[in-house]
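Throw the hints in and build the complete structure from the sequences for me.
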Amino acid sequence: VEALEAEQAELRAALADGSLYQSDLQRAIALQSRDSAIDEELTAALERWAELEAAQAPPD
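Note that the numbering used here numbers the sequence shown so that position 31 is 30, with each residue one more than the last.
Quick caveat, the hints were computed from the structure, so don't treat them as lab data.
It is possible that part of the hints are untrue.
What the hints assert, rightly or not - Derived DEER-like restraints, expressed as beta-carbon distance ranges:
| # | residue 1 | residue 2 | range |
| --- | --- | --- | --- |
| 1 | S22 | D59 | 53 to 61 angstroms |
| 2 | Q25 | P58 | 49 to 57 angstroms |
| 3 | S22 | Q55 | 43 to 51 angstroms |
| 4 | E50 | G17 | 35 to 43 angstroms |
For every residue, glycine included, the Cβ atom is placed at its ideal position computed from N, Cα and C.
Structure representation (structure tokens):
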């Protein structure tokens, strides 16, 4: 999760630079695609984490 969040922060910083879209549109598109993929991976990882925590919790 931490690695994905760090990668996403780097991508978003690059995407925030408006000149990227003018200088390298294909790279900007690739970064946007990876950013979306990271969103999906993070959602899945956090859901799995919650499942594992719930499984370790003592029964009520």
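Hints and how they fare:
no.: 1; hint: S22 with D59: 53 to 61 angstroms; in the structure: 57 angstroms, holds
no.: 2; hint: Q25 with P58: 49 to 57 angstroms; in the structure: 53 angstroms, holds
no.: 3; hint: S22 with Q55: 43 to 51 angstroms; in the structure: 49 angstroms, holds
no.: 4; hint: E50 with G17: 35 to 43 angstroms; in the structure: 40 angstroms, holds
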